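Colleague: Okay, here's what each chain looks like letter by letter:
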Amino acid sequence: MTQTVQTQHQAASAASATAPTIAIRKSCNPDGIGLSHYVLMDKKAAK
Amino acid sequence: MTAALLNRADAGPVLVPVDIGHDIYAALTDPNTAFWALADKTRIAESLASGPLLDAYRAKADGFARELHALRFELKPSGVYLNPTERCNLDCTYCYLPGEQRSGGSHMPAETLLASLGRLRDYFRSVMPEGRKPRAIFHGAEPLMNKAAVFAAIEEFADDFTFGLQTNGTLLDNAAVEFLTARDVSIGLSLDGPFASITDATRRTWGGKSVHDKVLSAMEKLKGYGSWSVIATCTTENLPHLTQMVELFHAQEVPTCMLNTVRCTLPGARGVKPADGDMAKAFFAAMERTHELYHESGRKLVVANFANILIGILAPTARRLMCDISPCGGGRAFFALAADGGLYPCSEFIGLPRFKSGNVLDEGGVEAALASAAFQTVTTRDVDTFSPCGDCAIRHFCGSPCPAEAHEMNGGMEKTGAFCEFYREQVNYALRLIADGKADDYLWDGWDEDTETVFDLAM
Numbered sequence: 001m002t003q004t005v006q007t008q009h010q011a012a013s014a015a016s017a018t019a020p021t022i023a024i025r026k027s028c029n030p031d032g033i034g035l036s037h038y039v040l041m042d043k044k045a046a047k
Numbered sequence: 001m002t003a004a005l006l007n008r009a010d011a012g013p014v015l016v017p018v019d020i021g022h023d024i025y026a027a028l029t030d031p032n033t034a035f036w037a038l039a040d041k042t043r044i045a046e047s048l049a050s051g052p053l054l055d056a057y058r059a060k061a062d063g064f065a066r067e068l069h070a071l072r073f074e075l076k077p078s079g080v081y082l083n084p085t086e087r088c089n090l091d092c093t094y095c096y097l098p099g100e101q102r103s104g105g106s107h108m109p110a111e112t113l114l115a116s117l118g119r120l121r122d123y124f125r126s127v128m129p130e131g132r133k134p135r136a137i138f139h140g141a142e143p144l145m146n147k148a149a150v151f152a153a154i155e156e157f158a159d160d161f162t163f164g165l166q167t168n169g170t171l172l173d174n175a176a177v178e179f180l181t182a183r184d185v186s187i188g189l190s191l192d193g194p195f196a197s198i199t200d201a202t203r204r205t206w207g208g209k210s211v212h213d214k215v216l217s218a219m220e221k222l223k224g225y226g227s228w229s230v231i232a233t234c235t236t237e238n239l240p241h242l243t244q245m246v247e248l249f250h251a252q253e254v255p256t257c258m259l260n261t262v263r264c265t266l267p268g269a270r271g272v273k274p275a276d277g278d279m280a281k282a283f284f285a286a287m288e289r290t291h292e293l294y295h296e297s298g299r300k301l302v303v304a305n306f307a308n309i310l311i312g313i314l315a316p317t318a319r320r321l322m323c324d325i326s327p328c329g330g331g332r333a334f335f336a337l338a339a340d341g342g343l344y345p346c347s348e349f350i351g352l353p354r355f356k357s358g359n360v361l362d363e364g365g366v367e368a369a370l371a372s373a374a375f376q377t378v379t380t381r382d383v384d385t386f387s388p389c390g391d392c393a394i395r396h397f398c399g400s401p402c403p404a405e406a407h408e409m410n411g412g413m414e415k416t417g418a419f420c421e422f423y424r425e426q427v428n429y430a431l432r433l434i435a436d437g438k439a440d441d442y443l444w445d446g447w448d449e450d451t452e453t454v455f456d457l458a459m
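Taken in order, these protein sequences are the chains called A and B. Residues 1 to 47 (the numbering used here) make up the first sequence, in order. Residues 1 to 459 (the numbering used here) make up the second sequence, in order.
Read the hints as simulated data drawn from the structure, not as lab findings. What you are looking at is a predicted structure, and each value in this text was computed from that prediction instead of being measured. Since no wrong hints were added, every one of them can be taken at face value.
Quick list of in silico lysine-lysine cross-link-like pairs, DSSO-like style, CA-CA up to 27 Å:
| id | chain 1 | residue 1 | chain 2 | residue 2 |
| --- | --- | --- | --- | --- |
| 1 | A | K26 | B | K41 |
| 2 | B | K147 | B | K133 |
| 3 | A | K26 | B | K438 |
| 4 | A | K26 | B | K300 |
Produce the entire structure from the sequences given, and follow the hints as far as they go.
Modeller: What follows is the structure, given as structure tokens:
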């Protein structure tokens, strides 16, 4: 994702003095999220 | 959707400029939807007035508002913190549990723990989609002080919960590691220093003995396991050594760590609270060191609490931790079971009796607790409704954590948490990384595999 942004940035910078606008949002089903800072549980527990 | 939200939608989206300290970019955010864009600082007026950014955002704003509202107000619990004992073999300076509990408290009997998990299983089955397991995390004081009950519970309910264990690591012998790793239990350790003299400043036994080497030994045992992490609690005592901390964690092949600000819920913690500016300076130096280590070795050390801020900006619904959102996850995405069977919105409240609501084995059980006034004091804490958060452009990237410390340290639920300015700096830092195309370097590989891109100005 960010690699794409970087490429656009570089290309546009070469063509113009104005930096390209960056605006990205991703979405997913939020079910299953939800712990506090004190514990992190990996999404995929695996040995 | 609330009336207030509808009224805001009627007024149309408004973008607010935010100086993020970048040479080229400033941020434009709609605080009501957690939308953001990064625009050339010299063209801010144009970006705010009209053009493709505003047009594209206006087409999506209602959907973003609905998404954020659902995340903030419509989740059902999917996790529980289990405190199988009040006791701990350590006396850490900043613990959120009262000392008299930790030194002389009781264990939850194994039969009570098993009965409680049965009730919890039934509750989660009633609110979660079929085929998905709730998360159950054994948590402080020190759960392995009551190891027999904990292991019996993991064995008995292996098919019903995904288990985790947060431990100080001192009782994690080879047999315990073998038992836990064979069952894919997620394991979290705690270590506060890169060497013993720093760890010992805040984490030691009741008799004052060092446990630093024992934790290092536990880390050695977990090398190569897929699901473990280490938490360092950042205080005045270890702040000058955070960069060395991440070097140690990286050398020990820790997959994920957290550099958490000390929670200032109880007075003992406030004595080692760093100033926001000092915290930011040390934290960002440590973050930059993790980036260097990644480029030197090809192996990431993800700092999960910061990664969560980044993900909260890039994909609000993909958060993995629920402190940095308002209302927080306490009492709505998860709750806590104390060793006496009492239910609390979060473990952070277990030292505060007024936030206890019933017993898991009572007739009303979890449902009654969730609906109680004690829980709703926490679940209705909404940054939109109090100052200064209500006017803050980044309030839904931050969430003004934590309600327990806001209540105890700052005098009420409608107060900010302990590290307002540090959170602002973290958001600015995250946005600068996005501007520089570096965000992925600070996130888990494949973090966005389950997400869909719903806005990309370049699309």
